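2 protein chains.
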Amino acid sequence: MFEGSLLGDKTRMTELSRDMNAYIRPSPTRGTLGGVTRTTNEVILLCEGGGYDIVLVETVGVGQSEFAVADMVDMFVLLLPPAGGDELQGIKRGIVEMADLVAVTKADGDLVVPARRIQAEYISALKLLRKRSKVWSPKVMRISARTGEGISDMWDKMTEYRELMLASGELITKRQRQQKVWMWNVIQESMLDHFRSHFAVRDQIPLLEEKVVSGILSPGLAADLLLKAFKGRS
Amino acid sequence: MFEGSLLGDKTRMTELSRDMNAYIRPSPTRGTLGGVTRTTNEVILLCEGGGYDIVLVETVGVGQSEFAVADMVDMFVLLLPPAGGDELQGIKRGIVEMADLVAVTKADGDLVVPARRIQAEYISALKLLRKRSKVWSPKVMRISARTGEGISDMWDKMTEYRELMLASGELITKRQRQQKVWMWNVIQESMLDHFRSHFAVRDQIPLLEEKVVSGILSPGLAADLLLKAFKGRS
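Respectively, the protein sequence lines represent chains Y and L.
Under this note's numbering, the residue at position 171 of the first sequence is numbered 171, and the numbers go up by one with no gaps.
Under this note's numbering, the residue at position 127 of the second sequence is numbered 1127, and the numbers go up by one with no gaps.
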C-alpha cells in the first residue's frame, strides 16, 4: 500500500474503476488529523482481510493527514506535479522527508523539461536527509499517466522496495512500530478530547487561552490551572 | 533569543563567561521532550524579566528538543559543521525546515571549500521549502569562531530578521501562537503521564502493547480497552 495524490476520483480512474479486481472507496473526512481518521487504519486492515494484496491510500495533500498516513503504510510515495519553483514551495514541510519514492508526474510534452529539473532538484535535496533505512534510499522518478512512461519502472522500484524491506526484516520492525504509534495516537487524541470536553475545564479554556495569548498568564501556569480543574473533579 | 549547537560549555565560551553582562547556565535534562523541559520556557521568561535582552537557548542537537525549542524562541538558528556528505545526513529530519538562519561553522583554513559547498547545497535545499514568513526567507551563511569571519554579518542578519518580523507584526503573532502551543504541550504531556501512571492502566500497558505489536489486537481496540479502564475507574 502507498500514499500520494493519486487523483482518487472514480471519474479520473476510468481504467481502474472498470477492473473487477479493484475496489475504490472515497472516505469522508471527520475533522481529526486533517482527514485521516482512525477508521483509515482499520479500513486498510479490512481490505487486507478481504484479500486485496495492494492497498493504495490517497490523501488530500494538505494538513496533517500525510503524517498520519505515513504511520500506517509500508511505503510512502510523494507525487509532485512539474510546477514552477514557487509552487514547489507549497509542499508541506516534512513531507518530502517521509517519502520512500518521489514521482514527478505529467512528465510528457512541454513538461518533460521542468519535470527533469524538478527531479534533479529533489535528488540533491534528498541527499541532505538522514537515511532512514539500511537497505533503501528514496528514489526520484518521472512518470506520465498520458504516455504511460515510467509507470512500470515505478512499479518495479516499488516491488524492489518491498522485497528489500522484507528480506532485511525492516518491514516487520516498521509495522510493529507503526502499530504502537497508532495505539498511542488514538489514546492521545482521546485523552485530549476527554480533557477539552470535561465539564470543569471546557468553559475555562477560552478565557485561559486569552490570558496566555495576551501575556497575563504563563502557559505553564494556565496548563496547571486547567489540569487541576480536571483532576480535582474528574 | 535563538537556538543552535553553540557549544554551551563555560570552558568553551571563554570570552563570554568573563563578560559581567552575561549569565550562562547549563540545564539538566529531565527526560521529557528530549532534554527541553517545561522549565526552559519559564527560565527564558525569568531571564527576560531579569533584564537580559538577548537570550540564547542551546540544544544538544538530537531528539525532540529542537522541535520543542523552536516553539519557544523568536529566531531559530541551525549551526552546521562543514562535515562530509555522510555526516550531513545525520541531521535530524525536519530541523532544517525550522531554521530561520543556517550558519556553516568552522569556515576557515582547509574547511573553507567544504563550507562553501555545504552553503550552496543548503541554499538549494531551502528553496524547495514552503515560505513560512512573508517578510523573511531563511539565510545560509558561513562563519568562523577562530578568524571571527562572518560573525558580525550573522548578527546583522539576526537584527534584520528581528526588525522585519517586528515591523510586519509577524513576531507578535508568532509569540502568541507559541504561548498557546506551549500551554497545550504541557497539558498533553501531563495528560499522557496521568494516563500512563493510572492504577487501572499502568499494569495493562505492556501486555496490550505486546498484543498490538504481535498483531493479536488492533491498535484502535487496544487503545479503547486502556481508555475504558482509565475512564471507568478514574
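It is worth saying that the hints were derived from the structure and are not from the lab.
On a predicted model such as this, the values are computed, not experimentally measured, just so you know.
Among these hints, one or two may not hold up.
Stated by the list, open to error - Covered by chain Y, according to a simulated footprint, are these stretches of chain L (three or more residues, beta-carbon under 8 Å):
no. : region
1   : 1040 to 1048
2   : 1115 to 1129
3   : 1147 to 1160
4   : 1173 to 1180
5   : 1189 to 1202
All C-beta atoms in this analysis are idealised placements derived from N, C-alpha and C, irrespective of residue type, glycine included.
Here is what the structure says about each hint:
no. : hint         : verdict
1   : 1040 to 1048 : holds (count 3)
2   : 1115 to 1129 : holds (count 7)
3   : 1147 to 1160 : violated (count 0)
4   : 1173 to 1180 : holds (count 3)
5   : 1189 to 1202 : holds (count 5)
The earlier numbered hint that this structure contradicts is number 3, and it is the only one.
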